[in-house]
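Participant: Chains as they are written, first to last, in the numbering used here: chain D, 1 to 257; chain B, 1 to 257; chain V, 1 to 257; chain W, 1 to 257.
Treat the hints as calculated values from the structure; they're not laboratory data.
One or more of the hints may lead you astray.
As the list claims (entries may be wrong) - Derived DSS-like pairs (lysine-lysine); straight-line CA-CA distance at most 27 angstroms:
no., chain 1, residue 1, chain 2, residue 2
1, B, Lys235, V, Lys212
2, D, Lys212, B, Lys220
3, W, Lys235, D, Lys212
4, W, Lys46, V, Lys46
5, D, Lys206, V, Lys220
6, V, Lys35, W, Lys220
7, B, Lys257, D, Lys29
8, D, Lys257, B, Lys257
9, V, Lys3, W, Lys235
10, B, Lys235, D, Lys220
11, V, Lys220, W, Lys235
12, W, Lys220, V, Lys3
13, V, Lys206, B, Lys235
14, D, Lys257, B, Lys53
15, W, Lys206, B, Lys206
16, V, Lys235, B, Lys206
17, B, Lys152, D, Lys3
18, V, Lys220, W, Lys53
19, W, Lys73, V, Lys189
20, D, Lys3, B, Lys212
21, V, Lys220, W, Lys3
22, V, Lys212, W, Lys46
23, D, Lys46, B, Lys257
24, W, Lys212, V, Lys53
25, W, Lys235, B, Lys235
26, W, Lys186, V, Lys3
27, D, Lys220, B, Lys46
28, B, Lys220, D, Lys235
29, W, Lys220, V, Lys73
30, V, Lys186, W, Lys53
31, D, Lys186, B, Lys53
What the hints assert, rightly or not - The following residues of chain B were derived to be distant from chain D, with all beta-carbon distances above 12 angstroms:
no., residue
32, Gly28
33, His34
34, Lys156
35, His183
The C-beta atom is built at its ideal place from N, Cα and C for all residues, glycine as well.
Protein chains: 4
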Amino acid sequence: MSKLIREGDYILLYLDRRRTYLVRVEEGKNFHTHKGFIQLDGLLGKEYGTRIKSNLNVEFVALKPILRDFIIKALRKTQIMYPKDIALTIIFSGIGPGSLVVEAGTGTGALTMALAHFVKPNGHVYSYEVRAEFLEVAKKNLKRLGLLDFVKLKNKDVTEGIDEQNVDAVILDLATPWLVVPHAYKALKPSGNLVSFSPTIDQVLKTTEALKENNFVDVKTFECLLREMRVERGKTRPQTLMTGHTGYITCARKTLK
Amino acid sequence: MSKLIREGDYILLYLDRRRTYLVRVEEGKNFHTHKGFIQLDGLLGKEYGTRIKSNLNVEFVALKPILRDFIIKALRKTQIMYPKDIALTIIFSGIGPGSLVVEAGTGTGALTMALAHFVKPNGHVYSYEVRAEFLEVAKKNLKRLGLLDFVKLKNKDVTEGIDEQNVDAVILDLATPWLVVPHAYKALKPSGNLVSFSPTIDQVLKTTEALKENNFVDVKTFECLLREMRVERGKTRPQTLMTGHTGYITCARKTLK
Amino acid sequence: MSKLIREGDYILLYLDRRRTYLVRVEEGKNFHTHKGFIQLDGLLGKEYGTRIKSNLNVEFVALKPILRDFIIKALRKTQIMYPKDIALTIIFSGIGPGSLVVEAGTGTGALTMALAHFVKPNGHVYSYEVRAEFLEVAKKNLKRLGLLDFVKLKNKDVTEGIDEQNVDAVILDLATPWLVVPHAYKALKPSGNLVSFSPTIDQVLKTTEALKENNFVDVKTFECLLREMRVERGKTRPQTLMTGHTGYITCARKTLK
Amino acid sequence: MSKLIREGDYILLYLDRRRTYLVRVEEGKNFHTHKGFIQLDGLLGKEYGTRIKSNLNVEFVALKPILRDFIIKALRKTQIMYPKDIALTIIFSGIGPGSLVVEAGTGTGALTMALAHFVKPNGHVYSYEVRAEFLEVAKKNLKRLGLLDFVKLKNKDVTEGIDEQNVDAVILDLATPWLVVPHAYKALKPSGNLVSFSPTIDQVLKTTEALKENNFVDVKTFECLLREMRVERGKTRPQTLMTGHTGYITCARKTLK
Numbered sequence: 001m002s003k004l005i006r007e008g009d010y011i012l013l014y015l016d017r018r019r020t021y022l023v024r025v026e027e028g029k030n031f032h033t034h035k036g037f038i039q040l041d042g043l044l045g046k047e048y049g050t051r052i053k054s055n056l057n058v059e060f061v062a063l064k065p066i067l068r069d070f071i072i073k074a075l076r077k078t079q080i081m082y083p084k085d086i087a088l089t090i091i092f093s094g095i096g097p098g099s100l101v102v103e104a105g106t107g108t109g110a111l112t113m114a115l116a117h118f119v120k121p122n123g124h125v126y127s128y129e130v131r132a133e134f135l136e137v138a139k140k141n142l143k144r145l146g147l148l149d150f151v152k153l154k155n156k157d158v159t160e161g162i163d164e165q166n167v168d169a170v171i172l173d174l175a176t177p178w179l180v181v182p183h184a185y186k187a188l189k190p191s192g193n194l195v196s197f198s199p200t201i202d203q204v205l206k207t208t209e210a211l212k213e214n215n216f217v218d219v220k221t222f223e224c225l226l227r228e229m230r231v232e233r234g235k236t237r238p239q240t241l242m243t244g245h246t247g248y249i250t251c252a253r254k255t256l257k
Numbered sequence: 001m002s003k004l005i006r007e008g009d010y011i012l013l014y015l016d017r018r019r020t021y022l023v024r025v026e027e028g029k030n031f032h033t034h035k036g037f038i039q040l041d042g043l044l045g046k047e048y049g050t051r052i053k054s055n056l057n058v059e060f061v062a063l064k065p066i067l068r069d070f071i072i073k074a075l076r077k078t079q080i081m082y083p084k085d086i087a088l089t090i091i092f093s094g095i096g097p098g099s100l101v102v103e104a105g106t107g108t109g110a111l112t113m114a115l116a117h118f119v120k121p122n123g124h125v126y127s128y129e130v131r132a133e134f135l136e137v138a139k140k141n142l143k144r145l146g147l148l149d150f151v152k153l154k155n156k157d158v159t160e161g162i163d164e165q166n167v168d169a170v171i172l173d174l175a176t177p178w179l180v181v182p183h184a185y186k187a188l189k190p191s192g193n194l195v196s197f198s199p200t201i202d203q204v205l206k207t208t209e210a211l212k213e214n215n216f217v218d219v220k221t222f223e224c225l226l227r228e229m230r231v232e233r234g235k236t237r238p239q240t241l242m243t244g245h246t247g248y249i250t251c252a253r254k255t256l257k
Numbered sequence: 001m002s003k004l005i006r007e008g009d010y011i012l013l014y015l016d017r018r019r020t021y022l023v024r025v026e027e028g029k030n031f032h033t034h035k036g037f038i039q040l041d042g043l044l045g046k047e048y049g050t051r052i053k054s055n056l057n058v059e060f061v062a063l064k065p066i067l068r069d070f071i072i073k074a075l076r077k078t079q080i081m082y083p084k085d086i087a088l089t090i091i092f093s094g095i096g097p098g099s100l101v102v103e104a105g106t107g108t109g110a111l112t113m114a115l116a117h118f119v120k121p122n123g124h125v126y127s128y129e130v131r132a133e134f135l136e137v138a139k140k141n142l143k144r145l146g147l148l149d150f151v152k153l154k155n156k157d158v159t160e161g162i163d164e165q166n167v168d169a170v171i172l173d174l175a176t177p178w179l180v181v182p183h184a185y186k187a188l189k190p191s192g193n194l195v196s197f198s199p200t201i202d203q204v205l206k207t208t209e210a211l212k213e214n215n216f217v218d219v220k221t222f223e224c225l226l227r228e229m230r231v232e233r234g235k236t237r238p239q240t241l242m243t244g245h246t247g248y249i250t251c252a253r254k255t256l257k
Numbered sequence: 001m002s003k004l005i006r007e008g009d010y011i012l013l014y015l016d017r018r019r020t021y022l023v024r025v026e027e028g029k030n031f032h033t034h035k036g037f038i039q040l041d042g043l044l045g046k047e048y049g050t051r052i053k054s055n056l057n058v059e060f061v062a063l064k065p066i067l068r069d070f071i072i073k074a075l076r077k078t079q080i081m082y083p084k085d086i087a088l089t090i091i092f093s094g095i096g097p098g099s100l101v102v103e104a105g106t107g108t109g110a111l112t113m114a115l116a117h118f119v120k121p122n123g124h125v126y127s128y129e130v131r132a133e134f135l136e137v138a139k140k141n142l143k144r145l146g147l148l149d150f151v152k153l154k155n156k157d158v159t160e161g162i163d164e165q166n167v168d169a170v171i172l173d174l175a176t177p178w179l180v181v182p183h184a185y186k187a188l189k190p191s192g193n194l195v196s197f198s199p200t201i202d203q204v205l206k207t208t209e210a211l212k213e214n215n216f217v218d219v220k221t222f223e224c225l226l227r228e229m230r231v232e233r234g235k236t237r238p239q240t241l242m243t244g245h246t247g248y249i250t251c252a253r254k255t256l257k
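One chain only, chain D, in its complex shape (with noise of 0.2 angstroms):
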């Protein structure tokens, strides 16, 4: 990873804790924000980090973005897990380099991303969709972080089993997960973790007894809730908004029967 910016490469243009642009530098183009624009051309052949000014004068930094930059911008409405959430069902998985991961669905591939990031250089993520639309829209996302290597996307309907077997998590994002329940069992390996996210507390307990009718053990439950703080001297205090809910995580491993 060269830390030079070039053509072709994604910068996160910060302008403050609130308001941050994820950018594509390309020749020629220009970023316009409601503080002025940004001449790209300007950044390349210089390090990341570099401060820049838009032709009203209001500087910004042109970052690296990180996975959860990425993450972030992915994030659509109808996806609702949040980086907290990934950074938990990632622990929970058991998974790093090297892992054979199945995961459904898609979606816009957020959570793909991170899979197919902790994953690499030499593990893979299958990955489940039945809406192409929503697998043309992953596609490009994992293409930005230069990912698509380490997944196969899969325009079929989990709930009708899992093609790969002998895998080491299975990872569930979708409305009924109890129904993928003994497709996942067939598709692990031997004490091999499954970890499903679902908004509502009727999924949790159709996933979980779903889980323990099909020789699950260690079937857990979370919620976490994320609050960030205003730190300031004199002024130090949790802030007033929060997100008060995303998703359960739910968490098993398989045992032998």
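Using the hints, position chains B, V and W against chain D.
Facilitator: Just chains B, V and W now, with coordinates in the frame of chain D:
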């Protein structure tokens, strides 16, 4: 990774949701619990996920431990960074396979394990710790996971300086993170990420001020509350007791002056 | 209310933030703690707030107990409504001095005390409890606070009906609140308020459905998390352990058909 | 309290869980909403809880507003004490019917209303506010609830002293509570209670230190998180957005030196 349990492997003996034991399988060794003892020999050559009974006929499952299990078992009273905090630290730091990371302090190596797990096979962790006795414990913990090749344990005071340069991330979990901020600035590559974990508001404030004075931007602090749910038809509810606080996570990005 | 401590008065002996004792002052009585004993005689005729030493020279403060102290000391394992829940119940129920309130079940009287405290001097609480042995405990607890005149304790099964009519509020803290909803509708005055406290989601759902079927509107459910802070210069932080869940509070208002 | 709606009464027009309107009923007056207007005349002589249709045939319910409704409608951007905080303040302060309470500052009177509501008919609230324009608003708010007789609004700077003596509780909701602590000590009866509400950690720390220096004991600080649940068969889950912070509540008790 073989699926069969072999001499010297670690297993997670699972009794129920509250009681699991991380055990090294050795020929001729019995593992004693209050539910009787288990002849570990009986597991040799078996698949992970196998069920096994104690001499009192109580069933256990021999699971393959994942990173998170090793982390939980490595936690000591001196450390309070939980898997939830480690998961967020991984995401906030932007690291992944191939990353170069400086960490301080090592402690018992709970966070070091996670960092090494996610930067392997081509990345590296440089971990600073002043207390030599902790390094011994960390070494043992890393060895159990086969991660020692990806970590350089350094018995040095990080507040006096960081030897490495051009690293992707600096992760701080020590009493005075603000003293390390100028060293971290020098060690980080441009646009590199710093993540600091601290139990008290005062540490967070001092670290935040040091970060802003040292050309870091996007300085943010979060706290994470994780609550387990008891999921059972007709009885579903959050658990009665929870951890109300471990620490605050502060993250920031280096900019060029 | 006299400021001077007299024979028969209750005091709250305060040792430190974790250890307080609710004690009845009687002539010639000693109160024994692990920090020595206190001669309660020595407090007679003194002002509340007086400091007093044990025979081991450890200082205590003889505070005047408030409602909340009596509530905390009345809590038993069978009850899990904390002062925070009681406080919210009071506000959600809309009661105040002069209100007529039906409560079920009485339990040890922790909530009954609070209701009586806030409806006196001209209101009244009708409290239902099927288990006679609890009513005895509740009676004692109410007597200590001088609140017995404002409560009618009824050894009856509230799921079979409510005798009162035209009451301002009905407060439910029992296993099957949904069975009481039709009776509560009849007992309430038009636009009267119902508040129900339940530990599980399933109870909340059944109660919510019963309320909507029985012409209640503005049916809302809340949970309240209370976290204590450790406040000390240079060490300020939330407490490590907290209660993660007591119960959900559901409130609703009667409309005319 | 009559159950029939009369000229000059306030009603809470309820449309749905998100939209309610606090309205004064006057002859000949129409109340306009985006769902059409309501002829308030039609409610005169009717019972509270009556359903009424707008000219667009949309149904509303004419509820009897409770204290909490008046509080919510009285909240302004300058005040951030929510009903949850007010409820806890009432419990922590130990007040009830008959109590004498000093409050500062009055603001728009949201807390004053609650205090007056719970100390009536034989208690009294002395409320300090330096900004005369706020006192006018508070006066109006108290008048609507018929609580003006139980409150003395004082256009005075409480940091210069408290006129009252031997009061049961002092409640502080202003920018510099620590400056009032010595005055509060003098105003309180022995073992009297102080409750202070502050948004920032720094205010909490200064107030806590002032309390400990001024012979208060049992000094504790809490924060309260209230989360609403969406309860519906098959869809039950916490609400997506919540208030992450309003302020910290610090309570303490006066001891004799």
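Participant: Would you mind marking each hint as holding or not holding in the structure?
Facilitator: Hint check results:
At roughly 22 angstroms between alpha-carbon atoms, Lys235(B) and Lys212(V) fall within 27 angstroms of each other, so this suggested pair holds. Only pairs whose Cα atoms come within 27 angstroms are accepted, and Lys212(D) paired with Lys220(B) is rejected, the gap being roughly 40 angstroms. The hinted pair formed by Lys235(W) and Lys212(D) meets the criterion: a straight-line CA distance of about 22 angstroms does not exceed 27 angstroms. With a C-alpha separation of about 56 angstroms, the suggested pair Lys46(W) and Lys46(V) falls outside the 27 angstroms cut-off, and the hint is violated.
Taking the CA atoms of Lys206(D) and Lys220(V), the gap is near 25 angstroms; set against the 27 angstroms cutoff, the hint holds. Under the criterion of a C-alpha separation no larger than 27 angstroms, the hint pairing Lys35(V) with Lys220(W) is consistent with the structure, at around 23 angstroms. Taking the CA atoms of Lys257(B) and Lys29(D), the gap is about 25 angstroms. The hint holds against a cut of 27 angstroms. With a C-alpha separation of about 61 angstroms, the suggested pair Lys257(D) and Lys257(B) falls outside the 27 angstroms cut-off, and the hint is violated.
Restraint check for Lys3(V) and Lys235(W): the C-alpha separation of about 55 angstroms exceeds 27 angstroms, so the hint is violated. Between Lys235(B) and Lys220(D), the direct Cα distance comes to roughly 15 angstroms. Compliance with the 27 angstroms bound is thereby established for this hinted pair. A hinted pair counts as satisfied when its Cα atoms are at most 27 angstroms apart, and Lys220(V) with Lys235(W) qualifies at roughly 15 angstroms. This hinted pair checks out: Lys220(W) and Lys3(V) have alpha carbons roughly 24 angstroms apart, not beyond 27 angstroms.
Between Lys206(V) and Lys235(B) the CA atoms are separated by roughly 12 angstroms; this keeps the pair inside 27 angstroms, and the hint holds. For the hint linking Lys257(D) to Lys53(B), the alpha-carbon distance of about 14 angstroms falls within 27 angstroms, and the restraint holds. Between Lys206(W) and Lys206(B) the CA atoms are separated by roughly 18 angstroms; this keeps the pair inside 27 angstroms, and the hint holds. Proposed proximity of Lys235(V) and Lys206(B) is supported: the alpha carbons are some 12 angstroms apart, at most 27 angstroms.
Taking the CA atoms of Lys152(B) and Lys3(D), the gap is about 24 angstroms. The hint holds against a cut of 27 angstroms. Of the pairs offered as hints, the one joining Lys220(V) and Lys53(W) holds, with about 23 angstroms between alpha carbons and a cut-off of 27 angstroms not exceeded. Proximity of Lys73(W) to Lys189(V) is assessed by CA-CA distance (about 24 angstroms); at most 27 angstroms being required, the pair is judged to hold. Distance restraint check for Lys3(D) and Lys212(B): the Cα-Cα separation of roughly 22 angstroms lies within the 27 angstroms cut-off, and the hinted pair is therefore satisfied.
With a C-alpha separation of about 24 angstroms, the suggested pair Lys220(V) and Lys3(W) falls inside the 27 angstroms cut-off, and the hint holds. The straight-line distance between the Cα atoms of Lys212(V) and Lys46(W) is roughly 22 angstroms, inside the 27 angstroms bound, and the hint therefore holds. Between Lys46(D) and Lys257(B) the CA atoms are separated by roughly 13 angstroms; this keeps the pair inside 27 angstroms, and the hint holds. As the CA atoms of Lys212(W) and Lys53(V) are separated by approximately 19 angstroms, the hinted pair is consistent with the 27 angstroms bound.
With a C-alpha separation of about 17 angstroms, the suggested pair Lys235(W) and Lys235(B) falls inside the 27 angstroms cut-off, and the hint holds. Note on Lys186(W) and Lys3(V): the hinted pairing holds, with a Cα-Cα distance of about 15 angstroms set against a maximum of 27 angstroms. Restraint check: the Cα-Cα separation between Lys220(D) and Lys46(B) comes to about 26 angstroms, which is no more than 27 angstroms; the hinted pair holds. Only pairs whose Cα atoms come within 27 angstroms are accepted, and Lys220(B) paired with Lys235(D) is accepted, the gap being roughly 15 angstroms.
Distance hint between Lys220(W) and Lys73(V) is fulfilled; the C-alpha atoms sit about 18 angstroms from each other, no more than 27 angstroms. With a CA separation close to 24 angstroms, the supplied pair Lys186(V) and Lys53(W) stays within the 27 angstroms bound. Proposed proximity of Lys186(D) and Lys53(B) is supported: the alpha carbons are some 24 angstroms apart, at most 27 angstroms. Remark: the non-interface label on Gly28(B) is consistent with the geometry, its nearest Cβ contact in chain D lying 24 angstroms away (cut-off 12 angstroms).
The non-interface label for His34(B) is consistent with chain D: the shortest C-beta to C-beta separation is roughly 19 angstroms, beyond 12 angstroms. Every CB of chain D is more than 12 angstroms from the CB of Lys156(B) (nearest about 26 angstroms), matching its label as outside the interface. For His183(B), the shortest C-beta to C-beta distance to chain D comes to about 17 angstroms, beyond the 12 angstroms cut-off, and the non-interface label holds.
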